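K.L.:
As given, the protein sequences belong to chains A and B, one line each in that order.
Be aware that the first sequence starts at 1, since it is given in our numbering, and climbs by one per residue.
Be aware that the second sequence starts at 1, since it is given in our numbering, and climbs by one per residue.
The set of hints was computed from the structure by calculation and includes no laboratory data.
Wrong hints could be hidden among the right ones.
It does not matter which identical chain is meant; a pair holds if it fits inside one copy or across any two.
Dumping the calculated BS3-like pairs for lysine-lysine here, alpha-carbon to alpha-carbon at most 27 angstroms [as the list claims (entries may be wrong)]:
1) Lys177 - Lys126
2) Lys24 - Lys248
3) Lys246 - Lys24
4) Lys131 - Lys178
5) Lys214 - Lys231
6) Lys159 - Lys131
Just so we're clear, the structure is a prediction, and the values are computed from it rather than from any experiment.
In case you want the letters, here they are:
Protein chains: 2
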Amino acid sequence: MYGEVLLIDCGEGTQIQMQRFGLKWRSVHHIFISHLHGDHYFGLPGLINSMSLLGRVAPLHLYAPAELKPIMDAILEVADTVLSYPFYFHPLPEGSALLVDDPSFRATCFPVDHRIQCHGFLIERKTKGRKLLPDKCTEFGIPAAYYDQLKLGNDYERKDGFLVKNEWVTEDGPSPKKYAYCADTLFTDSFLPVIQGADTIYHECTYLEADADKAVARFHSTAKQAAEIAKRANAKQLLLGHFSSKYKDLDPFRQEAEVIFPNVQVSIEGSVYEI
Amino acid sequence: MYGEVLLIDCGEGTQIQMQRFGLKWRSVHHIFISHLHGDHYFGLPGLINSMSLLGRVAPLHLYAPAELKPIMDAILEVADTVLSYPFYFHPLPEGSALLVDDPSFRATCFPVDHRIQCHGFLIERKTKGRKLLPDKCTEFGIPAAYYDQLKLGNDYERKDGFLVKNEWVTEDGPSPKKYAYCADTLFTDSFLPVIQGADTIYHECTYLEADADKAVARFHSTAKQAAEIAKRANAKQLLLGHFSSKYKDLDPFRQEAEVIFPNVQVSIEGSVYEI
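With the sequences and hints as input, model every part of the structure.
P.N.:
This is the structure in structure tokens:
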């Protein structure tokens, strides 16, 4: 996962925006699609094709609603396209499930409550232990074969009897992190147990509380409701998004959420948020 | 057709670029798709959906390869989408055919030679007769019921016996025009009879003549070949496009074509070309 890009949902133009914001397609090995409304996946066929045109060889894993498979198959078939890389389609189950258990991260899906079947995703970065300082390792003459021991925090005793302290040749590695992407959803606490204790929760808020009736009618949430979820999940940070285009000013979303939950970010396309 | 936008092919991001360049979606009533390679239609689902989200009521006609129909149907079905407007899918036949015969324009498709089934389109703007000068018509007291006669070039005799000359209240209307869009194609003269005498021919030239072998292998054309078609079709103007992204400078395309055919334009996204 370090240096890897996990792509969650892929609206039209994603491939262009990724290039614009310097995200490398070749760093993407896993794509997660929450549901089959166009703004969440119409960029997928283009991205998958472009990767092939550029001669990608690394496998690509797609986790998406099962109904997408025949659509993707048909799109490739009518164009007589054979992808340059192995492409694995993993249909999402109806309920919660562990999707990926990689040495560096774990991805779980959980159902949310939208007009059509829709899933959120919990991404958990695993700790990888101590981080090596390669120059220092070389300086102290530590053989590469011992590097895994260093990552576990062990010291190294040289043949001349000199003890190399672990902290001289390593530093703290990245800490484990939990990121919950709650997709498009009506206000519901059904997935609270899954996202409990997340470092960052992304929760949609298409509307402000004044339009709560619209939110219900369209299976979306308000900023207040998103904050309620973050609070009850004991999250450290709330990332708001999916604002209706009718609102020109996004600051009221932050204000409404901050009344309930203190650490709120309003997501802006192309921005980077520390989890 | 006057004030109407005919959309030929619809790559990813077309809806965004149309907004950017001030082309109104509501002016589009006919969309033509040449073939099912992604760069020619991946923007279609998004455009069709967005029109519906904005509450379009006017019918939309899509002319495209038959294999696109089940894909579009599936995309709408999995999203549980019912479009807000009547949407008509017209499958393209294998050969040439008249697709639309509107009072103001005619659209014909013709097969070209590409890796998969692919069509070019001939758009013929019909003459609409004389163009009314509304202020002058009012000034001379001509009733609106007589306007159609004025468009046909007739004079008007008032009740007081005064003869209003046609040229006082009308001016020359738009002349008929022929535009041929030759899509993605290997060099072929098979469609020369259809596009003969076109005012403007759009012909792809993915490559320069130095890469003619690549053009053949990939079912594309060179700038020289495009110019050859324009010359043999007795066109007035050649519009070049679909350049391989490996070329950073497009001027050599113009130069190569101009050796054979004098009036060449290199198409640039967002530009307007008089037909």
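K.L.:
Each hint should be assessed against the structure and marked as holding or not.
P.N.:
To see whether the hints hold, each was checked on the structure:
In this homomeric assembly, Lys177 and Lys126 come within 27 angstroms of each other (Cα to Cα) only inside a single copy, at 7 angstroms, whereas the closest approach across copies is 65 angstroms. For the identical chains of this complex, Lys24 and Lys248 are inter-copy neighbours only, at 21 angstroms across copies versus 31 angstroms inside a copy, given an alpha-carbon limit of 27 angstroms. Proximity of Lys246 and Lys24 under a CA criterion of 27 angstroms is satisfied inter-copy only: 19 angstroms between copies versus 32 angstroms inside one chain copy. Taking identical chains as interchangeable, the C-alpha atoms of Lys131 and Lys178 lie at most 27 angstroms apart only when both belong to the same chain, with a minimum of 20 angstroms there against 68 angstroms between chains.
In the homo-oligomer, the alpha carbons of Lys214 and Lys231 lie at most 27 angstroms apart inside one protomer (23 angstroms), although the nearest pairing across protomers, at 60 angstroms, exceeds that limit. With identical chains, the CA atoms of Lys159 and Lys131 are at most 27 angstroms apart within one copy only, with a shortest distance of 24 angstroms there and 99 angstroms across copies.
In terms of the numbered hints stated before, the structure departs from none.
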